[in-house]
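Line by line, the protein sequences are chains Z and L.
Under our numbering, think of the first position of the first sequence as 1, with each following residue one higher.
Under our numbering, think of the first position of the second sequence as 1001, with each following residue one higher.
Source of the hints: derived by calculation from the structure; they are not laboratory data.
Some hints here could point you the wrong way.
Said to hold, decoys possible - Using C-beta positions, here's what the derived DEER-type ranges look like:
no., chain 1, residue 1, chain 2, residue 2, range
1, Z, 136, L, 1217, 23 to 33 Å
2, L, 1010, Z, 136, 43 to 53 Å
3, L, 1108, Z, 111, 23 to 33 Å
4, L, 1290, Z, 137, 50 to 60 Å
5, L, 1217, Z, 114, 40 to 50 Å
Unchecked claim - Heads up, incomplete: computed chain L residues facing chain Z, CB under 7 Å, no partners named:
no., residue
6, 1126
7, 1143
8, 1204
9, 1206
10, 1209
11, 1212
12, 1216
The beta-carbon is built from N, C-alpha and C at its ideal position, and this holds for glycine as well.
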Amino acid sequence: MSSNHLQRIHIRGGTVVDPANNIKEQRDVFVSDGKIIAVSNEAPKDFNADSVIDATGHIVCPGLVDMCARLREPGQESKATIASETAAAAAAGITSICCPPDTNPVIDTPAVATLIQDKAKDSGKAYVYTLGALTQELDGERLSEMGSLKAAGCVGVSNAYSPFKNTLILRHAMEYAASHDLVVHLHAEDTHLRNNGCVHEGQISTRLGLAGNPSAAETVAVSQILALIEQIGVKAHFCRLSTARAVQMIARAQYTGLQVTADVSAHQLHLTDMDVGYFNSNCHVSPPLRSLRDREGLRAGLNKGTISAICSDHQPHEADAKLAPFALTEPGISTLETLLPLSLRLVNEGTIELSALIASLTHKPAQLLGIEAGTLTPGAQADICIYDPEREWQLDSDTLRSQGHNTPMMHWQFTGQVTHTLFRGQLIFQLDYLNEQ
Amino acid sequence: MKQQHLQLDNNKRLRHFLTTEGLKRDLLVEILDTAESFTSITHQQVKKVPLLRGKTVVNLFFEASTRTRTTFELAAKRLSADVLNINVPASATNKGETLLDTLRNLEAMHCDMFVVRHQNSGAAHFIAQHCAPHVSVLNAGDGSHAHPTQAMIDMFTIRRHKQEFHTLSVAIVGDILHSRVARSQIHALSTLGVPDIRVIAPRTLIPAEASSLGVHVYHDLDQGLDGVDVIIMLRLQRERMSSALLPSEHEYFKLYGLTKEKLALAKPDVIVMHPGPINRGVEMDSSVADGEHSVILQQVSHGISIRMAVMSMTMQHDLHSGQDT
């Protein structure tokens, strides 16, 4: 279905949603030599298409930019590989992925960053960006060589889920990163308050007798980080917020002029601790699924722009990782292929307007990462997602492409499915639905 | 939702006994009535009935226990079952064999019932979801989640002393946060119609949003014991001191220990219970533990009848129904 030489593609009849350029109307998109050359109702002069994609009734938007997906390579290839997960990303309309540094070995040297980027190039299905480790081996104590990591292509730095030894080291890490103009991506969680909690502390933890992770584990960490940022004047990005209170705190900080941003995972906007039911280990995730009130607070934060990006927080696992009593299972959900359909539910439910949603999945995360992606601006790389907003489908294990089948959304019905994905001007995915009919 | 009915077969008969939560009142009463019929056997010369003849019961204990395991074993033997005791120390499962591996190995030996104790909440549910369709799982305690047979022993003891549930005030005193016994008692008491269930402990030992379980929360023992019919004291684990949940046993006894003076706040015919083993001088004074209101030793002797009841009821479930898949 895809050819190896760069070709001229005419995407005809679709509704273009390109929030960065304020476009939401029916237009054609013209691609040549891997770039977008026009978004217009008239073909550029001398444009002879090698192929035409009929996008009538479809939405044509920039390829999605996923701020956080674990591809498990290097180190955990039994869970997934860069090849398997970028193929899944292609089917999900995701063309840019940012990989956090908690691989094995961790991304604390240029060699590991380069290895990941090279493997992604070989797969040719998505551009994989990397976050460098803030501290060596993520030990929370020794600063990594951030200058070299940046030179090797890291688009930011993070300590992933690993805590800092103390707040002084956190301060130094943020200051040193700022000297290299690297954005620090922080998981706000006080590990002492978390206290091995594996579900939200509330009615469900009480009923099931599972150790609770209190909302304060997040809010105490957020307030500490905000106080530090106010003192030292650096930029910071809060990853995967889970509480309504943290959203309010960050909104207030943004209002007072602090340079802080935030993202949320798509599943936190939909699932709550109630979904844990009777120990459903596919709902074991970190930070934990929280209360309905938190979910509403996260949605409000997205709507108001306090939270600027939705990511997948993809964490594929082998089946065994989830086959144990709840607390002994590994946290995380395989989510690449539900990122767009789950997010589209927010539009169908009237929570957010389509352009704003697409922005939070494309050019806003691209801005946060400082990468050139997420728009259909002429001259930009032709990374394009085309989806059928009416198409109904069901998530099933035989159609799931990710190697990780750990999702509580198995057998869910979705409306809206990706039909074509273009990466660097090549059609790398086309939904095989003509055969089905 | 399927999993809520994991414990029942398609005829709504007991298939596994994992938690007292979500079971109907009739079923709990049936357990109590069946146990009542077994108590007479205990007093016969020949203490055996052939209900489980030819069946193999495995006591699968991942956590140390003497009393619970012994009463399950006795119960199984009185029902004429063969009993296999397997103690798996936590260290063994750390060596890479997963719970599922252990389970598959035992299934290969064609066992009919697993009595499971495990240090993790949800372990019994997990095993019930993954075992062969003919196997019944009895939860003998999973983490801080549930210990349903102990709760039913306590319901049985209460019923013997207090005919009606719907007029009672019951106080549970101690480490509610970590107590699987308390959780199972609360669900059972509330299903059986007890209108006033109180939990008494300092805030560090009360779970978040405890009132969502339908209990009244007290931090003061005197207030909490006022006018109650039943007092259930919970065992205090020593590690609660090292994790800064309590300052000392001394202060705990001073504030939450049951003494004769505190007991006087309750109804004159109050009964005092404890799932055992007792820390004398920590949870309660010896004079109360051995005093006229104490029914603690009766609880122990009721253990066998309740476990016989649950074993015989689950073994009668419909083999061809009730499995999820």
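Hints violated by the structure (listed by number, smallest first): Those not satisfied are hints 1, 2, 3, 5, 8, 9, 12.
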